[in-house]
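Q: With chain P held as given, fit chain Y onto it using these hints.
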Amino acid sequence: MGHYVALAGVLFAIGIFGVLTRRNAIGILMSLELMFNAANINFVAFNKYILTSSGTLTGQIFAIFIVVVAAAEAVVGLAIVLLIYRNWKGIDVDRINVMKW
Amino acid sequence: MAEILDLIPQFIADVADKPVFYLLALVIIASALMVVTLKNIFHCALFLILTLFMVAGIYILLHAEFLAAVQVLIYVGAVSVLMIFAIMLTTRLASKKIVQTNEQATVAGLVALAFLVASQLACWKTTWMITDEVSLPENNIMTLGKLLMTDFVLPFEVVSILLLAALIGAVVLARREGS
Numbered sequence: 001m002g003h004y005v006a007l008a009g010v011l012f013a014i015g016i017f018g019v020l021t022r023r024n025a026i027g028i029l030m031s032l033e034l035m036f037n038a039a040n041i042n043f044v045a046f047n048k049y050i051l052t053s054s055g056t057l058t059g060q061i062f063a064i065f066i067v068v069v070a071a072a073e074a075v076v077g078l079a080i081v082l083l084i085y086r087n088w089k090g091i092d093v094d095r096i097n098v099m100k101w
Numbered sequence: 001m002a003e004i005l006d007l008i009p010q011f012i013a014d015v016a017d018k019p020v021f022y023l024l025a026l027v028i029i030a031s032a033l034m035v036v037t038l039k040n041i042f043h044c045a046l047f048l049i050l051t052l053f054m055v056a057g058i059y060i061l062l063h064a065e066f067l068a069a070v071q072v073l074i075y076v077g078a079v080s081v082l083m084i085f086a087i088m089l090t091t092r093l094a095s096k097k098i099v100q101t102n103e104q105a106t107v108a109g110l111v112a113l114a115f116l117v118a119s120q121l122a123c124w125k126t127t128w129m130i131t132d133e134v135s136l137p138e139n140n141i142m143t144l145g146k147l148l149m150t151d152f153v154l155p156f157e158v159v160s161i162l163l164l165a166a167l168i169g170a171v172v173l174a175r176r177e178g179s
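Chains as they are written, first to last, in the working numbering: chain P, 1 to 101; chain Y, 1 to 179.
Same shape as in the complex, but just chain P:
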């Protein structure tokens, strides 16, 4: 049990590092996927090792929904990235600051 949660913690920390350091918008999206997966590992591990009152598979159902939402997020995110690339000729997030002020 503890092993799986520890692995998820390491994966999430790596994802945080990626989100904060990447300059490329696609790189940020990829790091986000790592963090989603870390959360999912936790859900499935808790589902296996800890009995809840509301049935035995709630954690896995939750994980399935997370996968679906992550897929939707990736689709919309990459569409936005393509649009930004068309308008700015680059996807360097340091340069995309028109909404900052």
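Rather than coming from a laboratory, the hints here were simulated on the basis of the structure. Glycine residues also receive a C-beta, built at the ideal position from the N, C-alpha and C atoms. Each statement offered as a hint is correct.
Cβ-to-Cβ under 8 Å is the rule here; a few derived chain Y residues that face chain P:
| # | residue |
| --- | --- |
| 1 | 70 |
| 2 | 112 |
| 3 | 144 |
| 4 | 159 |
A: Showing chain Y alone in chain P's frame:
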């Protein structure tokens, strides 16, 4: 410090006890590090695929066979291909001189390290209330399908609407003006 040293023999015993898990965990962490540090974004995408595939292995270890299949189909199949498409359409791969990281690397490293230490401390200091291993139903997938169609039917429908909205939104966003 001595406390940590005491844990080492136990750790080695754990590794010998669960070789498959530790192999998967090693590959996951190594390739996830590659994803966030490599310069060539295309290589990052390939390592992301490896990471996601190994996470599917973790799901199988946890008796979540359906989730492992979903992981391979959606993440390894769909999301990764989408990422690679986006990379092909946007960045110039040949120019490796493009700096992929910004100047926040030190601060970001500290934040990530702080989170890592906090989560690991919380994880190993907690005594988990494990009531033995929960006996998951023998036929996992059948129970999952029944749950999705009975108890969780409302979230299921909401998620389908979300997917439809994402589909339409992506088409509207990526469409060229005036066409």
